[in-house]
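Required output: the full structure, derived from the provided sequences and hints.
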Amino acid sequence: MRNRILSGLAAGAFALAAVPALAQEVVKVGLILPMTGQQASTGRQLEAGAKAFLAQRGNMVAGKRVEIVVKDDQGVADISKRLAQELVVNDKVAFLGGFGLTPIAMAVGPVATQAKVPAIIMTAATSAVVPQSPFFVRAGRTMPQMTFPIADWAAKNGIKSAVTLVSDYAPGIDAEKFFKQRFEEAGGKVLDSLRAPLASPEFSPFLQKAKDLKPDALFLFVPSGQGATLMKQVIDRDFAGSKIRVIATGDVTDDDLLNDMGDSVLGMITSHDYSADHNSPENKAFVEIFRKVNNNMRPNMMAVAAFDGMELIFRSLEATKGDTNGQKLVDAMRGLKWMSPRGPMEIDAQTREAIPPMYIRKVERKNGELYNVEFQDAGSIKDPTHTHTK
Amino acid sequence: MSGSHDKDLQSASARLLKQSHSRWYEWLFWAVALSLFVIFGDFIPGVPTRLMLLTEIVTLALLALSIDLVLGFAGIVTLGQGAYFGLGAYVAALLAKGGAGTFPMSDPVIGLLIAGLVTGVFGFVTSFLVLRGSDLTRLMVTLGVALILSELANQMRWLTGGADGLNGVMPSAVLGIWEFDLWGRVAYLYSLAVLFICFWLSRRIVNSPFGLSLKAIKNNPLRARAIGVPVNARLVAIYTIAAALAGIAGALLAQTTQSASPDMIAFHRSADGLLILVFGGAGYLYGGLIGAAAFRVMQDVIGNITLQYWQFWLGAVLVALVIFVRNGIIGMMVAGWARLRKGDGQ
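Listed in order, the protein sequences are those of chains A and B. The opening residue of the first sequence carries number 1 in my numbering; numbering runs sequentially from there. The opening residue of the second sequence carries number 391 in my numbering; numbering runs sequentially from there.
Be careful, since some hints might not be right.
[Stated by the list, open to error] Stretches of chain B that chain A covers, calculated by requiring three or more beta carbons in the stretch to come under 8 Å of a beta carbon on chain A:
1. 431 to 442
2. 566 to 577
3. 648 to 659
4. 688 to 699
These aren't lab readings, by the way, just hints derived from the structure by calculation. Glycine residues also receive a C-beta, built at the ideal position from the N, C-alpha and C atoms.
Written out as structure tokens, the structure reads:
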């Protein structure tokens, strides 16, 4: 027994003292992802997206080898912050990336600023995140970018009244606010705005209330990963039978979960920047390599955000010719334009926000699987919170 | 009659005095803790900085220490210590945020004291709930208090930031001299100092007549009451002290990570604290400290080997430890030491 303890202690000491890589020509990217806990599916998609990028592009850029270091923060903000510090100080990462939830990005912000390390926001979708640090650059999308197109679509397609149901946290409240703003500007009326707790999702009382209000449409937003739970309860309430259309941002019909939701979600209209079904050579290549290196998994919006995040990292390194000065890298990312699997992507030169293309999609069955099939191009929208203030 | 009473009193006080003397291995323990600062503080080339992890261990250790006081010494089964931890975290974070990095509101030490005071008062108020009923009821009551508080933190968006937590938490320099740095040097020394003071206080408490009466209550509350121990008052006192310590632990975490979020007050903090204490060994004071170190280091090591499945292996180790060893790591060490001494004697 004593031997076992000793060897255990020794193993612990070793791990604490693990020697950092010294090679000069390696550029490290520290990804802080929720690999366990409630958000684990998000973490898995993000890691897989980054892996797919390296498989497609190779890991050499500007004469340097890019290496990914993945850390599990369990979706807990104080752990994320600690991991960010360790990645900066020990692993000497040139980039940080990932961040499953808004509070996590907020917690990491001061570290990025203090260490002058660019941090790529791949998941957290609150508009308020990027202004928190001059080293934040967004590769994903923001809530208003996702909600405006669906509000426009609803107003143009005979929907006069709506009820919103969102998760009670910053992105959810953003979704509610921007849907209401846009929909009412277009002449619609939001009858009620309901918020369900984020931590223990139980939607049925809210859904019943929404149904009792008899709106033309129910607008939904929950973080990706909770969509399946929500949709099951939505289907149980038979909204279609009471002539209430269910519309949502694409998070609800997440590619990762969509296929398991069953035929009852057929015909559901959502808005988002990415569908695995998007018809372009870039996306075909992306889906193919993603499936190849990740056990035939289907990529979702998280995967594509990680893929584009890596694209940003590679392009910025190219521009600086391998210089890893944080300020230079961030400046190189400003105004970048490229063809992403989701369509034409751009980084706003002023605000460091992503400007992704948006689409209106409908759930359809294709080759035996459920997909979000895009039927209307909603164009690219700058994040309105910044255009409003500036 | 009175002679034998005096004698008993004398032998009891002699025993307490003997127990309160510090042993060589205790000095060794704290010396090791301090030396970790030099080893992992980025002073030696090639050795990575792990002070942030060590700081996290210190805050967990303080939480586990507070659970040890109520569970290991007074025998109150609790699943709610995370509530006081989280309350302390929010109080400290709000103060630091409100002061925007200036004295006196953002001062870490003042923040720590206020957080301890607030959680102590809250602990005092809730302790009367804990007095009621048996172990199972206590488990439910403490859990209930924790759940209420975590839901409040989630709902009071205007104050706590809701599910998004608080940001812009900027504690000023410790004692106005040392700023919190990226390496976690100040954070570690600061938390270690706080842990040491809290530990020293706890040690004084359990080795006092008061502490002895707690042990009597733990062993048999009915008999303790019969010999004149004011059971309820004692339980209220220790519960209040432990709540304040848990609050200070939470405040430390909020200050050193410069954030507060609902998961600081979530159920898993209570569960982790309890787990760590059982892991290290309840009723020794050092159990929580050693348990916290072993738990987090193991989590880190296994997490580096298998990113997604560390929880499985950690669970396996815990189950094995509970099955094969009594009283956690310290229990194992005590048993090993006893066997060694026996071997010497023969």
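Consistency of the hints with the structure:
no.: 1; hint: 431 to 442; verdict: holds (count 7)
no.: 2; hint: 566 to 577; verdict: holds (count 3)
no.: 3; hint: 648 to 659; verdict: holds (count 7)
no.: 4; hint: 688 to 699; verdict: holds (count 7)
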